[in-house]
Structures are given as C-alpha cells and as structure tokens.
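Peer 1: Sequence:
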Amino acid sequence: MNFSEKLKNEFSFFRGNYLILIISWILMDFAHELPGTYYPDYVIQLGGSATILGIIMLVSLLALASVQFLGGYLADKYGRRWLVSSLTFGVALSFIFYAIAPSWEFILIGAVIQNLCLLYQPALNALMADSLPPEKRGMGFSVLNLIMSVSTTPGPVVALFLVTAYGSIMGMRIAYVIVIFLYLAAAIVRLKLKESVKNPEKINIKEAIRSYPKAIKEGINVWKTVPHSTRFLFFSELIMRFSIAMTQMLFMVYAFYVLQIGGTREADPTFQLARINWGYAMIALFICMIFLSLPVGRLIDKIGRKKSLLIANLLMIPAILLFIFGNYLTLFIAMPLVGFSMLLGFSSYQTMYADLVPQSKRGKITGSTNFFAYIFMALGAGLGGFLYDAVFPTLPFLLAIAFAIPSAALILLVHEPKPEERQV
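Using this note's numbering, count along the sequence shown one by one with no gaps and you end on 1213.
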C-alpha cells in the first residue's frame, strides 16, 4: 500500500455527517477563538473582575446543565438532526448581546441564551459517535477536540490585529460581529445533516416539554444499565472538568496581573503590551496544536484509551506549575502543554464512552454526563474566580493540580474493552 492509499484509508471516515460536522465546527471554532483570545480582558474592561468572570461562567453553565437531560431524551426519541440544525441558529444570534454590550451584564444575558440553545448538545455528541466506526473513534474524536478544545485556527492572529488596530473594546465588538455571521454560516451547513436514529418518532413540542421529568428520571436510571467502568470514567471526568473550570478564565488574567507579561503597571498602564504579548503566545499555541493533532489520535488508538487518560491527567501537573511559577517566555511551553493535555483527555474520554455505551443509550448517557459535568464546572468556575480575588491568585491553579491525582486514580479502576468488545 503506497502513501496516498494509506492516507486515504487513515481518513476514510471523513464523509457524510462527520464531514458536515467538522466543516461547521471549523467555522464555529474560528469564530469562537477570535474574541476568545481576549474575552476575560473584555469582561474586565466592561466593569467585571475575576469573580465576575466566574459568576458569568457559573450562571451560563447552570443554564446549560438544565437542558441536558431533556436534550438527551429528545435526541434518542425524536432524532438528532432537527435539534442540531435548528438550535445552531439560536446560538448564532445570542452573540448580538456580546457585540453591543455596554456592561458585563449584557455578556451574562447572551451567555445564558446561548447555553439554553445548546439543548442540542447531547444530540450533537450522539450524532458524532453514531458517525464514526469503532476502529477510527480515537482519531475521529481527536480531530474534533483539536478543533473544539484548544487554539487551532488563525483566530488569535486576527484577534491580535483587531485589538491593536481598533483598540481593546472596539476590536472585540468587531470580532463578535464576525462571530455572528460565521455561526449563521455553520447553521446553514448543518441543515445538510442526515438523521442517524432509525425510525425516530414524529416531533411533538407539547409532548417534548411534558417529557422533562421523565427525561431526568431516565437520564439517571440509564447508569444502572451500563458497565461499572462507565461510572468510574464518569466520576473521573467530573473531577477533571471541575479543575479545568476553576482556571479556564484565569490564565490570561494571571498572565496580565501576576506574571506581568507586558511589564510593570508603570511601563504598561493600559495593558496594551500585555495584550500584544498574549496574542503572540496564543499564536504559538495554535502552531503547536496543529502539529500535535494527528499524533494524539494515533496515540489513543495505539496505546489505548486508559493509558491516554492517565497521561492527560498527570501531564496537567507540570504544565500548570510551569505556568504559575514561570514568566512570559515559559508561556510558550506551558500553554501548549495545557492544550495538549486537554486535547488528549477530552478525546480519550469521548472515545472510551463510545466504546462502552450502546448506541441506543448514547443520547441519555451524554445528556446525563453533560448535566453533572456542567454543574461541577459551574461550581468550579465560581469557586476559582472567588479564590483568585478573595484569597490569592495562585490558589485555583494549585487546587487544579491537586485534583489531577484523584481523577487519574479513578481511571485505574476502568476496564478498557478489547477491540472486539467495543460498542458499534
């Protein structure tokens, strides 16, 4: 088999729904990373703080958690396609609040609307799992998480240009206008998706609303029908997501105000040099993650999901230590390490879930997992912002390091299915 045939075989799963989802995610990820590069700074300039960043994330994630059981139930009962294709338009329009925000409260409103529209998330995740053959799941999910989890587009380059050319506020407003149009384009692309559920029931809106209590009950009871390993995997992911949420919005704030990557307050009173330097660090992250993307997928499929999860959890420890006790130059090592750990971890968790959970239960398992994960992430975000402001800035990062150990320990209790035992 020559090189071109090997390449064609390696990426044979790039077709149908998977290809449509990847195209839409590329558009949405570029859109997300464009203002995401300086999002914490934007909120602070609109009157926010580290605590406010935590509150926005807490409230928006609670909104997101509230629709996960219903989303999973609807995905399995009425199908995946209609949820995904229709509600992506709602997410797109929620960014209007970000673009026109006179204060951080508007960001909060937009975030809540956006996360309520993500009712489609369990359907999206289930559709993704349905579209990948078992032997290609590691590669498939790593490509997805490369796009979704870390900097993988030229978004930071464009963000750096907008902020330096138009200022930190106007540059971000322009960025969010671009986001609206790119998300609308992604929503149009998703209209091409095909249903993956066999014989879905006809959509009944009233019945769907009345089914919410039943959806919660089934979303909890479904855990009794899956292997014990799925529960250990679930608790490990909850701990991991809690720790990530504690620090997610604080990396840039810490780099600006503690590491002082732009110099002292006297040398850089408006933090403009810090914004430029942060932009360069995010561009370096983008370049590194592009080169690391394919090795991650191959690593998961070659050494297994369990070993990959252990590596991902434990790698976060030196990565965060290098960040909090480093300087501007060490950012160029620490941030790619954090990104690689997240990419490997998210891809491995999703691949293992797909291997363990039957197709007929993936919507409910995804919805239930997301519900509890978002609750834990909301609590982590709120706690992280509070500890940063009220105690000392390093504490959330040190706690994230501590939580990596029990998360990894739970992975040791997971039984990884052999290739022939994996669910299709």
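There's no promise every hint is true.
[Stated by the list, open to error] Now the in silico label distances, taken between C-beta atoms and shown as ranges: (1) ILE1065 - SER838: 49 to 59 Å; (2) LEU1201 - TRP1012: 31 to 41 Å; (3) ILE1194 - SER838: 45 to 55 Å; (4) ASN1010 - LEU1201: 24 to 34 Å; (5) LEU1184 - GLU996: 17 to 27 Å; (6) LYS1003 - PRO1147: 12 to 22 Å; (7) GLU996 - PHE1114: 50 to 60 Å; (8) LYS1096 - LYS995: 42 to 52 Å; (9) ILE977 - LEU1201: 24 to 34 Å; (10) THR953 - ILE998: 40 to 50 Å.
[To be verified] As a list, the in silico BS3-like pairs of lysine-lysine whose alpha-carbon atoms are at most 25 Å apart: (11) LYS1207 - LYS1013; (12) LYS1207 - LYS1095; (13) LYS866 - LYS1150; (14) LYS925 - LYS1150; (15) LYS983 - LYS866; (16) LYS1095 - LYS1006; (17) LYS1003 - LYS1013; (18) LYS1150 - LYS991; (19) LYS1003 - LYS1150; (20) LYS995 - LYS1091; (21) LYS1095 - LYS925; (22) LYS981 - LYS866; (23) LYS925 - LYS983.
Quick caveat, the hints were computed from the structure, so don't treat them as lab data.
Virtual Cβ for every residue (Gly too), placed ideally from N, Cα, C.
Peer 1: State for each hint whether it applies.
Peer 2: Consistency of the hints with the structure:
no.	hint	in the structure
1	ILE1065 - SER838: 49 to 59 Å	violated (23 Å)
2	LEU1201 - TRP1012: 31 to 41 Å	violated (20 Å)
3	ILE1194 - SER838: 45 to 55 Å	violated (30 Å)
4	ASN1010 - LEU1201: 24 to 34 Å	holds (27 Å)
5	LEU1184 - GLU996: 17 to 27 Å	violated (48 Å)
6	LYS1003 - PRO1147: 12 to 22 Å	holds (20 Å)
7	GLU996 - PHE1114: 50 to 60 Å	holds (56 Å)
8	LYS1096 - LYS995: 42 to 52 Å	holds (48 Å)
9	ILE977 - LEU1201: 24 to 34 Å	violated (45 Å)
10	THR953 - ILE998: 40 to 50 Å	holds (48 Å)
11	LYS1207 - LYS1013	holds (22 Å)
12	LYS1207 - LYS1095	holds (12 Å)
13	LYS866 - LYS1150	holds (11 Å)
14	LYS925 - LYS1150	holds (20 Å)
15	LYS983 - LYS866	holds (16 Å)
16	LYS1095 - LYS1006	violated (30 Å)
17	LYS1003 - LYS1013	holds (16 Å)
18	LYS1150 - LYS991	holds (19 Å)
19	LYS1003 - LYS1150	holds (15 Å)
20	LYS995 - LYS1091	violated (47 Å)
21	LYS1095 - LYS925	holds (16 Å)
22	LYS981 - LYS866	holds (21 Å)
23	LYS925 - LYS983	holds (20 Å)
Violated hints, listed in ascending order, are 1, 2, 3, 5, 9, 16 and 20; each of the other numbered hints is respected by the structure.
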